[in-house]
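Colleague: Work out the full structure: start from the sequences and follow the hints.
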Amino acid sequence: MIAETMAQGHSLLHRIDPRLRVLAAAFFSCAVAVFQTFTALSAACLAALVLLLVPGLNFRETGRRLMVVVWFLLLLWCLLPLTYEGAIAAKIGVVSIYWPGVRLSAQITLKSLAIIAVFTTLVATIPVNTLGQSLARLGVPAKLVYLLLMCYRYIFVIEQEYHRLVAAMKIRGFRPRTNLHTYRSYAYLIGMLFVRAATRADRVYQAMRCRGFDGRFHSLATFPPHPANQWFALAAAFAMILLVGLEWMD
Amino acid sequence: MHISEGVLSGPVLLSGGALAAAGTAIGLKKLDYDRIARAGLLSAAFFVASLIHVPIGPSSVHLILSGIVGLMLGWGAFPAIVVALLLQGILFQFGGLTTLGVNTMIMAAPAVICFYLFGRLVHGRRAVALPAAFACGFVSILLGAVVAGAALMFTEENFLEVTLLIVSAHIPVMVIEGMITVFCVAFFRRVQPDLLPGARVADMAAPQERNEA
Numbered sequence: 001m002i003a004e005t006m007a008q009g010h011s012l013l014h015r016i017d018p019r020l021r022v023l024a025a026a027f028f029s030c031a032v033a034v035f036q037t038f039t040a041l042s043a044a045c046l047a048a049l050v051l052l053l054v055p056g057l058n059f060r061e062t063g064r065r066l067m068v069v070v071w072f073l074l075l076l077w078c079l080l081p082l083t084y085e086g087a088i089a090a091k092i093g094v095v096s097i098y099w100p101g102v103r104l105s106a107q108i109t110l111k112s113l114a115i116i117a118v119f120t121t122l123v124a125t126i127p128v129n130t131l132g133q134s135l136a137r138l139g140v141p142a143k144l145v146y147l148l149l150m151c152y153r154y155i156f157v158i159e160q161e162y163h164r165l166v167a168a169m170k171i172r173g174f175r176p177r178t179n180l181h182t183y184r185s186y187a188y189l190i191g192m193l194f195v196r197a198a199t200r201a202d203r204v205y206q207a208m209r210c211r212g213f214d215g216r217f218h219s220l221a222t223f224p225p226h227p228a229n230q231w232f233a234l235a236a237a238f239a240m241i242l243l244v245g246l247e248w249m250d
Numbered sequence: 001m002h003i004s005e006g007v008l009s010g011p012v013l014l015s016g017g018a019l020a021a022a023g024t025a026i027g028l029k030k031l032d033y034d035r036i037a038r039a040g041l042l043s044a045a046f047f048v049a050s051l052i053h054v055p056i057g058p059s060s061v062h063l064i065l066s067g068i069v070g071l072m073l074g075w076g077a078f079p080a081i082v083v084a085l086l087l088q089g090i091l092f093q094f095g096g097l098t099t100l101g102v103n104t105m106i107m108a109a110p111a112v113i114c115f116y117l118f119g120r121l122v123h124g125r126r127a128v129a130l131p132a133a134f135a136c137g138f139v140s141i142l143l144g145a146v147v148a149g150a151a152l153m154f155t156e157e158n159f160l161e162v163t164l165l166i167v168s169a170h171i172p173v174m175v176i177e178g179m180i181t182v183f184c185v186a187f188f189r190r191v192q193p194d195l196l197p198g199a200r201v202a203d204m205a206a207p208q209e210r211n212e213a
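One line per chain: the protein sequences are E and G, in this order. For the first sequence, the numbering used here assigns the number 1 to the initial residue and increments by one for each residue that follows. For the second sequence, the numbering used here assigns the number 1 to the initial residue and increments by one for each residue that follows.
Any given hint might turn out to be false.
[Said to hold, decoys possible] Examples of chain G residues toward chain E, derived with CB under 10 Å:
(1) I36
(2) A37
(3) I56
(4) I68
(5) L86
(6) F94
(7) L143
(8) V146
(9) G149
(10) A150
(11) M153
(12) F187
[Claimed, not checked] Every beta carbon over 12 Å from chain G, so not counted as near; a handful from chain E, in silico:
(13) L189
(14) R200
(15) M249
(16) D250
[Stated by the list, open to error] The following label-pair restraints were derived from C-beta to C-beta distances:
(17) R120/G / G93/E: 52 to 60 Å
(18) V54/E / K30/G: 24 to 32 Å
(19) W71/E / R35/G: 34 to 42 Å
(20) T39/E / R120/G: 55 to 63 Å
(21) A21/G / M208/E: 52 to 60 Å
(22) H218/E / G57/G: 46 to 54 Å
(23) H53/G / T39/E: 39 to 47 Å
(24) S168/G / L23/E: 40 to 48 Å
(25) F217/E / K30/G: 17 to 25 Å
(26) R211/E / S168/G: 47 to 55 Å
(27) G57/G / A228/E: 33 to 41 Å
(28) R120/G / T199/E: 34 to 42 Å
(29) I241/E / Y33/G: 17 to 25 Å
(30) L51/G / L52/E: 35 to 43 Å
For the record, the hints were derived by calculation from the structure and aren't laboratory data. For clarity, every value in this text was computed on a predicted model and none was experimentally measured. Ideal Cβ positions, reconstructed from N, Cα and C, are used throughout, including at glycine.
Modeller: Next comes the structure, spelled out in structure tokens:
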């Protein structure tokens with residue numbers, strides 16, 4: 001089942017203004033993506049991992065999510081040090097391990113851990129409805145926000161529809177194999193999903209128009225001032241200056 | 001098919017982001033308010049359908065479906081795919097913020113190209129439409145792999161091997177996507193042809209025929 005597991009919670013981070021969180025995560029990710037030096041990258045990664053420890057966050061869930069990245073990184077460590085040629089760091093039998101490969105793997109590891117950890121703790125903790133409204137207030141085009149909210153609202157409905165269709169196929173004895181029948185059945189399944197999504201969209205849109213929809217979602221959500229906001233903004237600004245400084249100094 | 005965080009260089013990320021933003025702007029301009037609800041739900045269906053794993057021998061691949069999305073939405077594929085990728089990031093951690101642009105280009109640029117190449121052909125006679133649909137599915141993945149490879153190559157020339165690996169590893173996916181696209185297009189032609197926007201030409205002709213009848 002698709003579930004928005006990170007957004008439920010009552011940690012300190014959940015209380016901070018979502019707009020601030022989005023901005024902080026965006027600046028941090030962009031900066032880390034272009035950093036080169038190991039001091040700045042390690043500091044950034046450390047800062048991001050500290051965010052994971054904020055009390056109240058679902059630690060097991062964030063850990064599970066980071067594992068997706070960790071598997072990719074392990075694969076990278078198996079490939080790059082052996083194929084990315086340059087000065088030889090070590091030789092084990094016929095296999096040689098190259099320095100540039102090790103360097104690059106370490107860089108990618110730090111960068112991706114930092115970026116994903118910040119994204120998970122700061123952005124994935126915002127309920128998507130709220131995220132849409134904060135994006136709108138940050139200047140993202142209204143149409144894109146509308147699209148995001150519609151898509152998000154119906155992902156769960158369409159997933160249920162998908163499970164219903166799959167159950168119907170299974171009842172009729174469908175077992176996926178590598179043959180044309182399987183591909184045809186899956187294609188019809190996907191086609192049916194799209195057809196139902198489209199007809200549902202038309203019905204929903206008519207119902208929305210009947211209720212006076214004029215292209216905008218009027219949000220009742222407010223972002224009340226909270227002392228944590230200022231502290232967060234201050235800390236984020238300080239961390240960013242420190243990280244950029246570290247990168248420049250080297 | 002997507003590129004992970006932390007791999008690509010700044011200039012590549014920036015140009016990917018800029019191109020994706022331009023594509024999304026065009027897509028949003030072409031989607032009027034009456035069609036956004038539909039695009040949103042199709043995007044949700046694309047999100048769900050891309051979780052399906054199709055068996056191939058002992059292993060399985062998950063579908064990408066950028067060709068079909070391109071046929072259905074044209075330039076609207078850009079905003080639809082941005083939204084789906086952002087939600088994938090939020091719900092599953094498949095990516096963060098910096099690679100959003102490049103990953104959008106990997107799927108949406110081939111989708112739009114396929115729309116222009118095959119959008120009209122899939123409405124032709126079956127003998128033309130079905131091969132065109134196969135080519136659409138095949139080419140969409142091929143182009144996606146090429147864009148992904150180019151992003152890696154511009155980051156680091158030593159990634160040539162990785163690039164070749166990506167393209168060759170996706171050949172089975174290209175064939176499967178081609179077959180799925182054929183059956184899907186055949187299904188749409190029978191069930192709801194107006195899902196493929198080239199059909200609007202046919203739609204315009206239809207009321208006249210009805211009047212005459």
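Colleague: A separate judgement is required for each hint: does it hold in the structure or not?
Modeller: For each hint, the structure was consulted:
1. I36: Where the cut-off is 10 Å and the nearest Cβ of chain E is about 5 Å from I36/G, the hint holds.
2. A37: holds, 4 Å
3. I56: Holds, because the Cβ-Cβ distance from I56/G to chain E comes to roughly 6 Å (cut-off 10 Å).
4. I68: Cβ of I68/G sits 7 Å from chain E, so the hint holds.
5. L86: Since chain E brings a Cβ to about 7 Å from L86/G, closer than 10 Å, the hint holds.
6. F94: Holds. Min distance 7 Å.
7. L143: Given a least distance of 20 Å, the restraint on L143/G is violated.
8. V146: With Cβ-Cβ at 21 Å, over 10 Å, it is violated.
9. G149: violated, 15 Å
10. A150: Violated: closest Cβ of chain E sits about 18 Å from A150/G, beyond 10 Å.
11. M153: Hint violated; M153/G Cβ to chain E Cβ min 14 Å, cut 10 Å.
12. F187: holds, 4 Å
13. L189: violated, 7 Å
14. R200: Incorrect as stated: the minimum Cβ-Cβ distance to chain G is 6 Å, not above 12 Å.
15. M249: holds, 19 Å
16. D250: Non-interface label stands for D250/E: nearest chain G Cβ at 16 Å, farther than 12 Å.
17. R120/G / G93/E: 52 to 60 Å: holds, 58 Å
18. V54/E / K30/G: 24 to 32 Å: violated, 42 Å
19. W71/E / R35/G: 34 to 42 Å: holds, 39 Å
20. T39/E / R120/G: 55 to 63 Å: Cβ of T39/E to Cβ of R120/G: about 56 Å, so the range 55 to 63 Å holds.
21. A21/G / M208/E: 52 to 60 Å: Violated, at about 28 Å.
22. H218/E / G57/G: 46 to 54 Å: Distance hint for H218/E, G57/G holds at roughly 53 Å.
23. H53/G / T39/E: 39 to 47 Å: holds, 42 Å
24. S168/G / L23/E: 40 to 48 Å: holds, 41 Å
25. F217/E / K30/G: 17 to 25 Å: Hint holds: Cβ distance 21 Å, inside 17 to 25 Å.
26. R211/E / S168/G: 47 to 55 Å: holds, 53 Å
27. G57/G / A228/E: 33 to 41 Å: violated, 53 Å
28. R120/G / T199/E: 34 to 42 Å: violated, 24 Å
29. I241/E / Y33/G: 17 to 25 Å: violated, 42 Å
30. L51/G / L52/E: 35 to 43 Å: violated, 26 Å
Consistency with the previously given hints fails for numbers 7, 8, 9, 10, 11, 13, 14, 18, 21, 27, 28, 29, 30, ordered from lowest to highest.
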